[in-house]
Amino acid sequence: MLIVKDLVKTYPNGTQALKGVSFEVEEGEFLAVIGLSGSGKSTLLRCINRLIEPTSGTILWNDIDITAAKGKEIRLIRRQIGMIFQQFNLVKRSSVNTNVLSGRLGYVPTFPSLLHSFSKADHERARNNLAMVGLEDKAHVRADSLSGGQQQRVGIARALMQEPKIILADEPVASLDPVLAHSILKYLEQLNKERGITVLCSLHFLDLVHRYATRAIALKDGQVVFKGLPSEIDDKQFKEIYGQDAERIEIS
Amino acid sequence: MTSTSKQKSNIMKSTLFAPLLSLIIPGSGQMALKKPWRGFTVFIITAVLAFLVEWGLKYYEIGKMTIGGWTTSWLWIPLILFWLWNVLDAYLISKQKTAPVIVAVILAATVLYLIAWIVTDINLDRLVTRFDAAKTVATKVVNPDYFQVYSNGEYKVCGWKCLWEYVSAKVKDEPAPLVSLSDNVGDIFGRKGTITATWWEKLTRGVQIGERIPGFETGKLIETIAIGLMATLFSTIFAIPISFLAAHNIMSHVPGGKLIYYIVRTLLNIVRAVDTVVWGLLIIVWVGLGSFAGVIALTIHSVAALAKLYSEEIEHIDPGPVEAIEATGGNFFQVIRYAVIPQIIPSFLSYTLLRWDINMRSATVIGFVAGGGIGFFVLETIRVGGYQQYAAALWAVAVVIILVDLISSKWRNRILEDKPRAAQKTTWSKIRSLIYLILGVAAFIYCWNVTSINLKNLFNPGVTFGRLLKDFVSIDLSPSVLAGVTKQMITTIMQALMATTLGAIVALPFSFLAAKNLTGKSRFSAWIYVITRGVFNVLRSIEALLYVAIFVYWVGIGPFAGMLALAITTFALIGKLFSEAIENIDTGPIEAVTATGANKLQMIIYAIVPQITPPFLSYLIYQWDINIRMATIIGFAGGGGIGLTLNNYFGSLQYHKAGTVVAIIVIVVAILDFTSAKIREKFV
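First to last, the sequence lines map onto chains X and Z. Numbering follows my numbering, in which position 59 of the first sequence is assigned residue number 59; successive positions increment by one, without gaps. Numbering follows my numbering, in which position 417 of the second sequence is assigned residue number 417; successive positions increment by one, without gaps.
So that you can see chain Z by itself, here it is in the shape it has in the complex (with noise of 0.2 Å):
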């Protein structure tokens, strides 16, 4: 009888405990059931969103209510669902099943994207009562400034009507209009005129340096080329000594190498989560304005991600050789020599090529705040509402975008297929060598020109960068300043989340045109991938930044703007992607689906789609951290976020809050990044 009491006591514990445990605080009952990783998320997830329904509820009012006096939200009924889910979870994890998590999804869904929708000022009514003005905003972008046309004593802007007009008459024989390159033209990729001599106008036409002196004026786009140049020039240079210092399996073997290895893992994290642009910010109090910070600022973002994805590399190169050198004899220093360096030659070369492709990008941009490059000609062209000027700057870097995209994949891949060459050089090698290097050395010596770098700015910082250091040591952490720095951060978060979700849901169906093994059968459809990609690449080609001034014309300034702009971009990224990812699909499983007499549709969802999902969610995941990052910034040219805030701190000389807005998208960035990290090794 008491065996059977007791029984019975046991499975009223084990039935009930969970749930009610669950019931006080969401999650736990599925801990104490040995399902800490789920009862963790759903406490997460409880925890965030309650805070965030109260926080939307205080400072914009989402799903204001009033019962009987009391004011609440009424986010907060979903939000109990999701609890009242959470105990039901429990309640049958202890019957050996769990709740279906679809249902958690769409509750926790709803909470979030209500709240993002609010805070993002999604209007999208304003998309149609401002029409004229994307229609005049467009007409300008398709009509860059490139051509002037002379008549009545002055010249004016034309668009492409010139070309066609000036073509035309020529080929008719006719009076052309008198058609010339514009002003802007020159501003862009450079013009004869006058330029202060450097040493190196010294060493070769003996004049005195600062001296004006007539020359060849370097365009913005030819700057902007040399800054991503010499950025990835100097990334490489100091990330290869860091890469072995963050490398696990090399540290491992020397004494107090842990340590180091774990300090310059943390430091290479922290340098990693500041945007260029920020680094940018930061480096113009130290060097001031120009080509030369910019160059800083996308060497210390480089090299840290450099340095990172190098040290992973060495962590896997192949164990075997390191042991043979190991086994003859050989020292720590001639099994890196012998077994480490050989191994890991083609990765770090692919990866400096790619980064290149990033810094030309960065490049970009980094004149918003350094004051260098094509950046700077666009925030003058848009401040000055010279559109048409602002849209040849963004065709002219579409060009040099694709064409650097290009050369860095289309030379990835040759240095990754790593063919085996004769080791013994033929004369025409050498001399090629030779012109290689001869080309490299000019090259080298005209960026450095170009980009002003002087090196002697490095010691003889601004007058403010001293108080820089010290402010952002003691960075405030008033009450006041916190919470608009969190508002202003949960903003930024929120663009990222609904530009990823609204691009990602464009961006889907588009794949599928873009994808080369569904498309390209018949002429029609090949005609439809080459469009479908080439939208992407061009769009891609420009970077969100340089976006969001069409979009604050559009639908005027604020986080609408920016996210509208992030979403282009993940737009272009995530076809680019998921297209490719439908093209890597195996086709075996398709064959052997189809020859078990399934009809297409089945075809598609036992075949396709389980090949598809995990290559979606990590390319998903991916983009969101590549957004958050771009979140942060986009308010710079008035996309609103934490760029903004940040801006003004830098710009009214308020280093104390500057640090601690820098600080906080620090630890964001890495919570961020963790989590993710975490759901892709989860999920994908």
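Looking at chain X on its own, in the form it has when it is part of the complex (with noise of 0.2 Å):
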């Protein structure tokens, strides 16, 4: 269980991204994160992996405090927590599957993994994952040379490789044709049933929060003004946490 209490993050510059979030996330749920741009949904899923260091409050992971874990500590923590990026942050002039293999750096001892040297169990996770993810065919291709959809795959196979307990997806299908977001988020709904993986999923599009989410929240201005089951979502719920001026709209 993933316990988020208070947590409250202040930028250098002043900006309040995070007022004090607090809320619960049990093993094997899919959760989705809403709220307009800027609410602060990418700097609490940042939070989690300490991506972003809070400035106050605490997140407790089956009874690790994430937030006081130091150097080393936080790697370890790091490398079970998969992440998912709305710019895939793959790199671009790496194959797929040097890409798909530096999921596992936070498995390898670091000398041989400068030289790029991977052992064989290593090779044959990337071949499973890439097949799983339908890419198998791409092992060898620039990254740069697939499409958006493809990269995000790519980006999915790349957390599987770190056999995570948790995956944080930012934002995974905002830069993707509407088209395409089923195909990815079928993926990280598959992980979620299957294998029992967490999903903590920030989203756009509320019909994708009903399709897929087991259970939502709200973000709006750095504070939480919804929890609960998406189909409770009604009209005067989503006036309040996109604004007055939003309209619902749909994608199939």
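These aren't lab readings, by the way, just hints derived from the structure by calculation. If a hint is listed, it holds; no wrong ones were tucked in.
Partial pick of chain Z residues on the chain X-facing surface, computed with a CB cut under 10 Å:
# : residue
1 : 327
2 : 329
3 : 336
4 : 346
In silico lysine-lysine, DSSO-like type, Cα no more than 27 Å apart, as pairs:
#  : chain 1 : residue 1 : chain 2 : residue 2
5  : Z       : 34        : Z       : 95
6  : Z       : 678       : Z       : 258
7  : X       : 227       : X       : 19
8  : Z       : 456       : Z       : 202
9  : X       : 72        : Z       : 258
10 : X       : 220       : X       : 239
11 : Z       : 456       : Z       : 470
12 : X       : 5         : X       : 72
13 : X       : 120       : X       : 165
14 : X       : 227       : X       : 186
15 : Z       : 521       : Z       : 600
16 : Z       : 430       : X       : 138
17 : Z       : 161       : Z       : 140
18 : X       : 92        : Z       : 430
19 : X       : 186       : X       : 138
20 : X       : 5         : X       : 220
21 : Z       : 419       : X       : 138
22 : X       : 19        : X       : 5
23 : X       : 5         : X       : 165
24 : X       : 92        : Z       : 410
25 : Z       : 430       : X       : 120
26 : X       : 220       : X       : 19
27 : X       : 70        : Z       : 258
28 : X       : 92        : Z       : 419
Now the in silico label distances, taken between C-beta atoms and shown as ranges:
#  : chain 1 : residue 1 : chain 2 : residue 2 : range
29 : Z       : 332       : X       : 1         : 30 to 38 Å
30 : Z       : 20        : X       : 243       : 50 to 58 Å
31 : Z       : 259       : X       : 38        : 31 to 39 Å
32 : X       : 174       : Z       : 617       : 37 to 45 Å
33 : X       : 69        : Z       : 255       : 15 to 23 Å
34 : Z       : 259       : X       : 73        : 23 to 31 Å
35 : Z       : 617       : X       : 73        : 51 to 59 Å
36 : X       : 38        : Z       : 332       : 25 to 33 Å
37 : Z       : 617       : X       : 140       : 42 to 50 Å
38 : Z       : 680       : X       : 38        : 27 to 35 Å
By construction, the Cβ of each residue, glycine as well, lies at the ideal position given by its N, Cα and C atoms.
Relying on the hints, combine the two individually framed chains into one complex.
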């Protein structure tokens, strides 16, 4: 279980991205984090794996205090938490295979990894994970020769190399054509259902939340304004989360 | 009642207070009215111009006039007008308006250019009165010493005419004159002769090191190419690790990294501010004259320049992959290896190629001080008045540099395109890589030999090197030395100013002729394009230092000759850059303005001029930076300015004073670099 308590993040320029966020995630949930751009979704997700240092508050994960971890401990925690990014964050000039293997860096000793030497087992893992996202034939092409949807699938394969217990997905489909959104989210759903990986996923479109999430929280100006089932978000809630001018739109 | 009078006094205060301030201290009124940048600029310009006017009066009697026993310079008149403009400006700012900047620019420029004109010793009449000299030197330059003809028992140098006579005689099947390649060609390109054996000959031919054996004497041009190649290789090797120490985003992750970052950045800036040729002066004291000194001098300067470019490239990488690798639990070194290095490879390669181009150019002049390569040859030929031999070297350099430029830019474009290639290597590509590797190693060994690299010399410095180090720590700051050095430094800056202005003004019209989107429509204009571009490229391929000799012959030794040489290279580079800026304009606005029914002139003013002004300004500032550096060495060939002073101090082993010169060069170049960077930020 992941418990976030009174999480505050104030950036050096004074911006308050999170103003005391508290919520809990049960193991095996698919939690959607919704809210407008700038509401603090990205900051929240990055505080969980400490890519961003929270100003105050605690994050407990199965009784491990993530916020108190230091140096090597952080890296040991990070390697159990996979992350998927809006811009995919692949190394564009490296091959797909190298990108996927780099997901294993938290497990391998430093020196051999600097020489790009990975174990047979890791190569086998990379093959399997690429097969899982349907890209086994693309292992040796450069990452930037793939389409956006394919790149995000490589991103998923990279996260899977970590054999994660949690996956943080920061707007995983926002840079993709809407029609590709489902293909990516279906992979996340599959991992969530079949392997029991907890998923925390920030999303823009409400109908995607309805379709995939088991629970949702909504952020507005760094505060939680909604917690509950996706089906509970009615028109009144919607206006509260997205502001009075917002209109509901749907993508198929 | 009281409130009205109070209001009134406030208005009085706000409208008259600032102008009054500006009257006392220029720019202070603007600062008080919350225009700090404007105020500071006005203050600095006034202070610099006032200093220059008084300085010019003292050393050159510029604008000297006597009014009732009181001697002053009439250059104070435009300066006082500038001062009054600043008062008016402060007044208008308090009324939410500003005084027209163009007036201030004209007034300041008047003072500056009048002083520059005198200081750089511009004598236009000399261009005319010594026109015969120009004709003589021009004839020699277009008839380089490549051929000799045998007649009446002796060899005589002859120009292209000989070749023509020889070929036409052969074609007509008549007895041809006895034309052959001259000795000079051997000096430049190499010839069969005797060489001193090195370890390589010992290995391959079984002779003793140092023995004189028959072999191929390396030409000065080949030596130059080798110097450029070796310096590029060495500087790349050293610059890569240093660049990581100078990258902000890397060092902020390392404990104590911020401090290292600032130290390395400062050192790089200092090393870069000193020109390669000046480094050459220092290095010859260390390892002695020769190509090796040239390689070291080029390497030092090039390491600093490359490391700066590399580190900026590291700072501009996409942070996404870094974040992603950190999120997988990778440590610092793994992040560098998997997220940073793959991203920077193409830009590093392209900067190295660019540097190779620059190093080849520097290698052609380093011989002026270091005694290796074609620069040394040029210096010697000029000394004995061998202008045809000098011309032969010039043409050869032009061909080599144009080729290098072509190869380097083609290669760079291909790298920056960065097309994904098949990751799986074919057998053929493996064989090809192996061939490249073998060729590379062979070239490396050859160049190592040609540039007579001797690492032992590094640990066995020359006798006066210790003194040089000691003297550089305690440089001579006595007033007389400082005054002399300041005088030469101002001359140097003024040379750069005049050369940039003159070169750019002449280049402007030609740059339109060399823009492909404006010319090249008909066959005639296509030829104009090709010819203008060609002239730019040929002139650009030769360093200003090599041109000086021509102008020294024409207008005599001194700053005027140096300024003209700088103006030639400025003309060529600015012309090329301007024409490329014109080629890169966006056709959208042209279409849009034309669609409103505007005529051609309106179209140019509203659609083209706004687009080309920022790049033009930016290139001018860039050229000004280059010219300042170039002007510091132009004196080595008789072009006046600080270079001559420096050369004299080094030559007479007065290292205390030489240190002063180097220090002042570093400071001035750093200040001007900083200023131009600020100006570029502000306007471009």
